[in-house]
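Undergrad: Chain by chain, the residues run as shown.
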Amino acid sequence: MRRLFLSLAFAALATFAVANPFVWPAGWTVTPPGEAEYGGTLSTGALSDPRTFQPVLQSETNEVTDMMQYATLLTQGPDSDEWIPYAAESFTVSDDGTVIDVVIRESLRWSDGEPITVEDYFASYILQTDPDTGSNKYDSWFLNDVQITMEITGERSMRFTFPSTDRLAFAGLAHFPVRDDILGEAYRTGGADAVNALWGTETDPSELVFDGPFMLSGFQPGERLIWVRNPYFGSWNVDEAGNELPFLDGMIHRIADGDAQLNLFLAGELDLFGPRNLDDIGVISVAIQNGDIDAEVIEGIGAAGSSQFIVFNWNLERDPFLQNVFRNVNFRQAMWHLVDREAIIELVYSGAAESMHTNVYLNSPFWVNEDVTTYDYDPERALELLARAGFSQRDGQGYLVDAEGRRISFTLATNAGNAQREQITQIFAEDAQAIGVDVTPTALDFSLLVDQLLSSGDDRPFEAILIGLTGGGRDWPFGDSVLTCGGFLHMFNTSGECITATETLIEQLVKQGRQTLDTDAAREIGFEIQELEAQMAPILYTVSPQVHTAFASRLAGEHPREIMAGAPVGTRQLPLTHIR
Amino acid sequence: MLPYIIRRFFHLIPTFLGATLLAFLISQLVPGDFVTQRALEPNVRQETIDRMRAQFGLDQPVLVQYVRWMGSLVQGDLGMSFSSNQPVMNVIRRPIQNSLYLVLFATILLWMMAIPLGVFSAVRQYTFGDQAVSAVSYFGLAIPNFFFAQVLVLGLFLFRGFTRETFGYSSLLFPVAGMTSNGWENFTPWHQFWDIMWHMIIPGFVIATASIAGFTRVLRGQMIEYLGSDFIRTARAKGLGNRSITYKHALRPAIIPFIAGIGALLPSLIGGAGLVEIVMAWPGITPRLLDAIQRQDIYVVLGFLVISSLLLMIGNLISDLLLAVADPRIRYG
Chain D
22 MRRLFLSLAF AALATFAVAN PFVWPAGWTV TPPGEAEYGG TLSTGALSDP
72 RTFQPVLQSE TNEVTDMMQY ATLLTQGPDS DEWIPYAAES FTVSDDGTVI
122 DVVIRESLRW SDGEPITVED YFASYILQTD PDTGSNKYDS WFLNDVQITM
172 EITGERSMRF TFPSTDRLAF AGLAHFPVRD DILGEAYRTG GADAVNALWG
222 TETDPSELVF DGPFMLSGFQ PGERLIWVRN PYFGSWNVDE AGNELPFLDG
272 MIHRIADGDA QLNLFLAGEL DLFGPRNLDD IGVISVAIQN GDIDAEVIEG
322 IGAAGSSQFI VFNWNLERDP FLQNVFRNVN FRQAMWHLVD REAIIELVYS
372 GAAESMHTNV YLNSPFWVNE DVTTYDYDPE RALELLARAG FSQRDGQGYL
422 VDAEGRRISF TLATNAGNAQ REQITQIFAE DAQAIGVDVT PTALDFSLLV
472 DQLLSSGDDR PFEAILIGLT GGGRDWPFGD SVLTCGGFLH MFNTSGECIT
522 ATETLIEQLV KQGRQTLDTD AAREIGFEIQ ELEAQMAPIL YTVSPQVHTA
572 FASRLAGEHP REIMAGAPVG TRQLPLTHIR
Chain Z
1445 MLPYIIRRFF HLIPTFLGAT LLAFLISQLV PGDFVTQRAL EPNVRQETID
1495 RMRAQFGLDQ PVLVQYVRWM GSLVQGDLGM SFSSNQPVMN VIRRPIQNSL
1545 YLVLFATILL WMMAIPLGVF SAVRQYTFGD QAVSAVSYFG LAIPNFFFAQ
1595 VLVLGLFLFR GFTRETFGYS SLLFPVAGMT SNGWENFTPW HQFWDIMWHM
1645 IIPGFVIATA SIAGFTRVLR GQMIEYLGSD FIRTARAKGL GNRSITYKHA
1695 LRPAIIPFIA GIGALLPSLI GGAGLVEIVM AWPGITPRLL DAIQRQDIYV
1745 VLGFLVISSL LLMIGNLISD LLLAVADPRI RYG
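Protein chains in written order, with this note's numbering: chain D, 22 to 601; chain Z, 1445 to 1777.
Isolated chain D, as found in the complex (with noise of 0.2 Å):
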């Protein structure tokens, strides 16, 4: 029960800190309290200009939209997938979980010094709610296409009723406001136009308001956007020596590709830098070496948020034989016993990439299922596999062949210029090869790609696909869109109906575990669900990279080493960062 979703811990706990401000815990940086110090100017880098500083348009993050919604009611730390309260002074669970009390504490300010108010709160639900915003929250307002509400129920208190019992509703509570006087009004007046006119890259920075720890002072397209400590954050934000946050005077994003930004790092210009790739640690190791930079990297933090397989298409009318090879388990299997990982993570990753199993990203391990049926390299046993398929006999070039001397012959795609994915298609087509298994690899442009991946119906426009999802919570990492038979991200089958008794088991059991609100029964649900996957092989997962950081030296409040990773959880907080 070590991470009972809805904690009545916490809430005991958050109603007995009346009205302070959230104490950001220790043990989220190295750095012991009280010995941080204040000052300094943190530089890092971005890749691209932000497209809009309006918080609730908004179709990806961008840093200056994510310094305006910082005052999320509810937040997951970086040592644990917990829910605790941020904003949130306090918050109470029904016992069907469906309906959430929420108090907010009474110290929260906006960069000008105006208290946060439920009010604002509520004018983000209802923006966010209004499809002709056009904003990236709207659908996680959904369960199951039935919306969730929320009401304001008294000075600093609202109400948030969901459809059903749902792993997914404390998601939904990682809720930011908006400034009620500015959007919300012009919400009120002009519609959602209105609010789309507003604070476009053009604005006066002095405009804007943040709830973040800094707020932007300038903005240079294709440079850089400066940013000044935001003196009211620490009216709700101290760490456990009761500094008020955060320690820096000010952050540089400088806007600059990945090459770009790492000739910065090695000029001294950057303090931050993730990189790509071994080759950049090198450079950054050789320069650290020679002295020309004072730096520390650190190679392999965790693996990346995001997952790499290949998918066979099921839907193939117009080619009968070939889906009903793809639709032939020990066919598939054979196929994930050529998947060659340790070949793909040494030759493709230079050592570093993980091997996946499940659909499950590997920074997420709590949620993989470790003892999962696994397909190692294993060409022999894909033989006997493919012999029980059928196909044992072969051809006068050496191919296997069924009785009525067909062959196994497909195209594997991927999308062009990621030439990580064009060497794992074509290290499996040698291996299939090597068998006599006839797999051209192919590169299409990514959209193409995509399209034919979410083609639907019963004759697709592919046959074998190697590419990658991103995405998704640290709350039940089983999507729906993914892994029910009508989720349009179902890539093997988007006939709209299960076609194997294990899918519809599948999708029972997605189901079953959203609604299971105890984390470790979920998470044996999850397990199961991992372990049928597994035997169906519809989706041959192979490897993840690795993601890597390199810091300058004077730079400090990193996470401890153990709770460092990749993204969502990242290598540091902004608040406890600060200049040695």
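Hints are computed from structural coordinates only; laboratory data are not their basis.
Just so we're clear, the structure is a prediction, and the values are computed from it rather than from any experiment.
All clues given are correct.
Residues from chain Z that face chain D, not an exhaustive set, calculated with beta carbons under 10 Å:
hint	residue
1	1490
2	1493
3	1527
4	1529
5	1542
6	1597
7	1619
8	1724
9	1735
Reference listing, derived: stretches of chain D covered by chain Z, where coverage requires no fewer than 3 residues with Cβ under 8 Å from a Cβ of chain Z:
hint	region
10	236 to 242
11	305 to 314
12	462 to 474
Backbone N, C-alpha and C define an ideal beta-carbon position, used for all residues, glycine too.
Given the coordinates of chain D, work out where chain Z should sit on it, guided by the hints.
TA: Chain Z alone, transformed into the frame defined by chain D:
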């Protein structure tokens, strides 16, 4: 001349329409659209994808989309950027301006390097110096810009290593990326100007070297031709000095084609300064255009293309007119 200009102006209209139609059709041939990329996120519902398509008008037939876009274009509106939800003009103005700075600077640098080199090669024909200039300038022509920029950056790092070991000086000679220094917004205007100039040296040099070979070879040929002509012999017979003959009498006519080429400056903006801008993080056209292409933010891509084709056409017109001004033998009726 005036009727000629007017006639040329009217010729621009069908060319412009054809260019935009072609650009629009090609942009539609690309599979997928702006919304496709969001579809790979497990949290996004199909309904949202469909709604976004409708919102952006991406569910309409291509011809309808073109007519709508053209309709707003004639009113001077380049459309809206999907990703930033603001007018395309706002998105592309700054990058075009920044690329213009860089291209102008590179052109001036090119002239400053190429004219003396061309003259030198012409007056010292077939000497070691002439051969060396050719070899180096062809090297500049052959090496890809983005690679050369990266090599120069590497050179800066190596040089820093050298100066630190030898003189204990560990700063870089030139900036390795960007257009301005941190704190630029607080500089005096004069200091701001110099800061940009300082950041332009490496990318500007890289761009200039690409054209130096062609420029010096043509200038060398022109100079050799004029130096051997009758009026130069007359000048020599009058007893004029070598310097005066070379720079006053031969260089002036030899340079005419290049003056006409000033008009071509605008079209050279088309590609911005190219991939150098990406390697050196110069906030110009190329990074923004590539980003828009990658996201399939088509109206931003088309916005750049429209402005580029306009600049191309106006640039060509200016070139022709300058030629007439510079060379008295040319007359337009």
